[in-house]
Structures are given as structure tokens and as C-alpha cells.
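Residue numbers (numbering that gives the first Met the number 0), protein chains in the order written: chain A, 0 to 160; chain B, 0 to 449.
No lab work stands behind these hints, which were simulated from the structure alone.
A hint or two may mislead.
As the list claims (entries may be wrong) - Residues of chain B placed beyond 12 angstroms of chain A at every Cβ, according to the derived structure:
| hint | residue |
| --- | --- |
| 1 | T52 |
| 2 | E105 |
| 3 | S145 |
| 4 | K309 |
| 5 | G379 |
Said to hold, decoys possible - Calculated lysine-lysine pairs in the DSS-like style (CA-CA distance at most 27 angstroms, straight line):
| hint | chain 1 | residue 1 | chain 2 | residue 2 |
| --- | --- | --- | --- | --- |
| 6 | B | K71 | B | K200 |
| 7 | A | K150 | B | K405 |
| 8 | B | K405 | A | K45 |
| 9 | A | K131 | A | K6 |
| 10 | B | K84 | A | K45 |
| 11 | B | K169 | B | K71 |
| 12 | B | K166 | B | K71 |
| 13 | A | K45 | A | K150 |
| 14 | B | K200 | B | K405 |
| 15 | B | K89 | B | K71 |
| 16 | B | K89 | A | K150 |
| 17 | B | K84 | B | K208 |
| 18 | B | K208 | A | K45 |
| 19 | B | K309 | B | K200 |
| 20 | A | K150 | B | K127 |
| 21 | B | K255 | A | K138 |
| 22 | B | K405 | B | K208 |
| 23 | A | K45 | B | K419 |
| 24 | B | K405 | A | K114 |
| 25 | B | K166 | B | K89 |
| 26 | A | K6 | A | K132 |
| 27 | A | K114 | A | K138 |
| 28 | B | K166 | B | K208 |
| 29 | B | K127 | B | K166 |
| 30 | B | K89 | B | K255 |
| 31 | B | K309 | B | K208 |
| 32 | A | K138 | A | K6 |
Beta carbons are placed, not taken as given, at the ideal position from N, Cα and C, and that holds for glycine.
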Amino acid sequence: MTHPVQKLILREAQLLDNMQLDDWLALYTDDATYWVPIDETTDPLKESSIIYDNRLRLAMRVEQIMRQNRVAQNPSSNTLRMVSNIDIEDIDAQTATARFALLLTEVRSGDWRQKGLGETRFFPGHCELVCKKVGDTWKIQQKTIVLLNRKQPLVGLSFLL
Amino acid sequence: MCTLTPEKIDADQSAAYHPPIFLMQEKTMNARLDPHTFTGMVDEQAHEFRVATAAYRGPGVFAQEMEQIYYKTWIYLCHESEIAKPGDFKSTQIGTRPVIVTRGREGGIHALLNACTHRGATICREEKGNTRAFVCPYHGWSFRTSGELIGIPDEARYPEGFNKSDKNLKSVPRVAAYGGLVFGSFNPDVEPLETFLGGAKQHIDLWLKRTAGSTYRVATSHKYGFDGNWKFQAENVYDGYHPGFVHRSAFNTVRKFEGSFENRELQAAVRQQGYTRGYPEGHGTLEAGAPLESGGIDPAVRDAYNTQLKTLYGEDGAAEVLTNRQFLIFPNLTIFDFNIRVIQPIAHDRTEVYSYPLMIEGAHDEINANRMLDAQTRVGTAGILSADDIDVFAGGQNALRTEAFKWITLSRGLGKEEVKPDGERVGVYSDEAPQRAFWRKWRALMAASA
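Turn these sequences into a full structure, and let the hints steer you where they fit.
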């Protein structure tokens, strides 16, 4: 039988690819953290991260993209997330951890001949989740995305990874 | 066998000797534009200040910017906290030249070309670290962090009289620091650093006061890049005209999430409070006339910090220190309240930006955590502000590649700004006073004969 956390992982990728970001946010617990480290061995409150968000800051990102017409998402990013190597471990009846590999491909079209548009970009990374069963539903309490190219210049990230 | 020392070439030139092309490299590889061309690219009249779009494009202009600006004046290398201990090093660039900044055994700061003096291999491949010596991966020549040559494997095979004394790593001839900011210059005759800083010095002093008597430590930098000219980012740093447009989405979002950022008034598209300043040395500021803080901090912790500032600097002094202020030190260093931003030119149409969150040594954890998240969430790689700026810069490069469009205008506040006797110009928040100061300096350096 497919582990419910595997379904959660695939569901998350699908919602992000479909730009259903409000539904995506609902997959996270109220006390969730979302971390895209530069150095995953450090304390994100003492060293820099690409993103270290709580639920409030995640909600702000969703708001800015979905309803506030942010400049760098005009035209918007189209994304494809390929998820594999999923490894789920049950900690207790309400807790599970998961690791998986992500290859995120992103492109902004519009007038593709213009600088800044029309480029197909890749964001490969190792992901880790801590998931909690809230009532009957599995949710994400912690997500960490360790990008391979985290220590070098990226394009400005105006979309969600 | 004939060995050509630079002195010898010069002497030979007078006798109608033509040096081989490879010895003239930087000058011949890029067709040099007449210095007067650059004078004409910045057109200042009483009613308009224009800049030629040609100043933003082409490898020719870029190569000459490297030579006339980046290798002639002071360029920021690092913050002292990045090389705090003997043996600490950091890889960086002055212009497009690779440089290692180091702390020597004796505690001095050195800036060295990252090139082995044997066969030119790159000796340091790391971004930062600590080492006793740099050992060349190619043939094992080794150098102290001061650049001094320590060892040549199988040295006996070199000829009698082989000169080792000029085989130390090449030093950047001038290194100096002010307020923890380390600068280097390839120009041995460059003016003293404090003369260069000029009007920006008082703003550095104010920025240092935010530490409440302590010092800054920079955290790892956010790094992002865009396909556009470096000057787009330089001009944007103190642009008080753009936030209500480029950053409207961020401001509207902040307004919807009360307490996320404790912001000043965000209703007006063009802010009416605050100032811009431009200095004859090319530096400029944007000052909001009000603080800019984050939410989510324990009020008691913030009060304690504010009280500390008031005790040190008085009521008015503390208010001045806490005023949101960002300034550019010509040509490519920006100081913000919470971070240092370095604008690294890569090519005429490619720029990288490194943004270092600034921690205060010894401050309450919550103050520093707040500064970290502030620098990250606002102006980091995934910042709610910076990603939108750089999208505009790429668009700018796209638009300005057409030679049919000859001039952009930087005339807001021209003739309306206050001009002080020492040349400082003060405009309102949305004026283009600092951009004009930048371009006046750019013109002066670019037009100077090599």
C-alpha cells in the first residue's frame, strides 16, 4: 500500500506545478518551517539561508505571487517537479520523516527573446520532510530543500521552490 | 635568450621598437574608445541630465570601465570579520581580476592575485577558509598567506641566479580599511581611502553606531545574478522613485499581514518624506527619514536596544542612527541597515550581487535573528523585493540594446536640489540626485587619459 506521506509528497509537487498555492499552503501545519539553506549544518537564525520561513512568511509569498501581481512573476514561471528516490520512515503513529530527490525545471515564457525570459532553468536538490498526522490528514511540519547549486548565484527566486 | 623586462620594453619603444601584441594585451584586445567619447555620454544641461544608452552596453565600454574605474580607484574587498583570524582567506574579484584577501600570520591584511607566479595556475579554488599556505595544484609551488614564496619543488634544477624575489604572489598594491570595510586598489598612486570616501564617511560612521558600541560580523552572502549591466543595480540602490511601483506587490502584501514588518507609511506611490544625497566623490544616499524595522521581535528586547542607543547618542542621535538609510560607495558597494551588498560586474550584460546580512557582535540573539531574517526576506536571493528589481534590470538591458534609443534621463530634482558649498547635493526621496553624482564621477574617471 502506498504510504500516505508519499501521496502527500506527490500532491505537493502537483499543487506547486499547477500554481494552486493557497491549496499548497494548506498542506503545512500552523507551526511549519520551510528551509532552503545555504549551509545546512548551521543554525538558520545565526547563518544565512536562501529561505527560512515560518507559516506567516510562506503565506506572504503566496499572497505576493497569487494576488499582488509581482513584477518578477509577470510573465509567471512554469514549473515541472520530478520527484524520486522517496524514502519514508515512520517515527510514531503521528509522525513520519521522508527524504526524496527533486529536479525542478522552471521557465518564464512571455516574449522569450527578451533578456531574463525564455530560459529553462534547473534546480536539483535533496529534500527532507517531517510530517505530522493532524486528525486524519498528513501535513508537512518541516521542509528542507538542499539545492545542489545553493552556494553560487541563482536567479532571483520569485516563485516557490 | 632575450628576456624582456617591462623596463626594457619601455626603453626599446623609444627606439621605434614595437612590443609584441601579447605584451599589450588589455589595451589591444578591446578596441579602445577615445576618452572624449565618454565625456559625451553624460550630458548635463540646466534642464536635463541625460546618459547615453551606449554607456550600458558593449564589451568595449565594459573593458574600459574595468581599466579606468575598477583598476584605478578603491574597490571593496571584504569585511574585516570575514578574515578575522591569521590564515583566514576569502576569494573575491577586483573588477574581473581574481583576488584572494588574506589575514597574514602577523595579523596584517593582504590582497593577492589568485595566480601562481610559476605558470599562472589558479592557486585557491575555495570561496573562503583558513590555511597556513597556498599550494599550487599544478607543480606544488607554495606561498604564505602574505603571498611570500615558501617553496619550489626540486628547486636545484633552476638556473644559477634565477630570481625568486619577484615570484611572490602579486600583491594588490594598496589595501586600507575604514570602519571594518576593507578596500584594495590596483593603482599605487590612488588617493588616501578617507579622501576617496569623502561625504560617505559620515554615513559609515552613523551605520557603525547601530552596533551600539560593538562591531559587525557579516554572515554568508546571498548570491544572485541577472543578465544586465552592473550600473542598473548601482543606480537602483538609492532610487526612491521606484519602490511604489516595482515593490507595490511587496508593500501591499506587508499591509495585509499586520505585524510582519513594522513599516513606515506605504500608501503613497511616491514617498514624500526623506532625502537623497549625492557627493562629488560619486557616492550617494537614500534616507527615509524614519526607521524600517521588522515585526516579530520581543518589544522588551527592542526597547533595551533602543535605550542603549539613546544612552550612547542621546534622543536625537539615536533617532538619526535608526533612520532607514542606504548608500552606495562608488562604484559598487552598498551599505544597508541590515546588510552589505556588493555589485560584481561579470560582463557588460551580466552582473552578480552578493548580499551579506550584518550581525551585531554581542547583541541579543533575537536582535540578530531579526536582522538575519530581515536581510533574507527583503533583499536576499528569494527576497520579496530584490527578485523584482533584477527582473527590471534584465528588461533594461534588453531595451537598451537597441542603438536607435540613444538617451535615458536622470533629471528628477535637477535644479531643485540644494547644492552645498562642498558640492554635496540634497534632494527629496524620489530625486535622482545620487544617480547624477554617480554619473559625474563615472564621466570624470572614464574621460581621464590612461
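Hint consistency between A/K114 and A/K138 [alpha-carbon to alpha-carbon, up to 27 angstroms]:
Given that 27 angstroms is the threshold and the Cα spacing comes to 39 angstroms, the pair is violated.
Can the restraint linking B/K89 and A/K150 be considered satisfied, given a maximum Cα separation of 27 angstroms?
Holds: B/K89 and A/K150 sit about 14 angstroms apart, inside 27 angstroms.
B/K309 paired with B/K200 [C-alpha distance capped at 27 angstroms]
holds (22 angstroms)
Restraint status (C-alpha distance of A/K45 to B/K419 at most 27 angstroms)
violated (43 angstroms)
Decide if the proposed pair is consistent with the structure: B/K169 and B/K71, CA atoms, cutoff 27 angstroms inclusive.
Measuring from Cα to Cα gives roughly 17 angstroms; hence the hint holds.
Quick one: work out the minimum CB distance from B/T52 to chain A and report holds if it exceeds 12 angstroms, violated otherwise.
holds (14 angstroms)
CA of B/K84 to CA of A/K45, is that 27 angstroms or under?
holds (20 angstroms)
27 angstroms limit on alpha-carbon distance, applied to hinted pair B/K127 and B/K166
holds (24 angstroms)
Would you mind confirming whether the straight-line C-alpha gap from B/K309 to B/K208 stays at or under 27 angstroms?
Distance of about 11 angstroms is within 27 angstroms: holds.
Regarding the pair B/K405 and B/K208, is the alpha-carbon distance no greater than 27 angstroms?
violated (44 angstroms)
Going by Cβ atoms, does B/K309 stay more than 12 angstroms from chain A at every point?
holds (27 angstroms)
So if I understand the rule, the pair passes when the alpha-carbon distance is 27 angstroms or less; does B/K84 with B/K208 pass?
holds (24 angstroms)
The structure shown violates the earlier hints numbered 5, 7, 8, 14, 22, 23, 27, 28 and 30.
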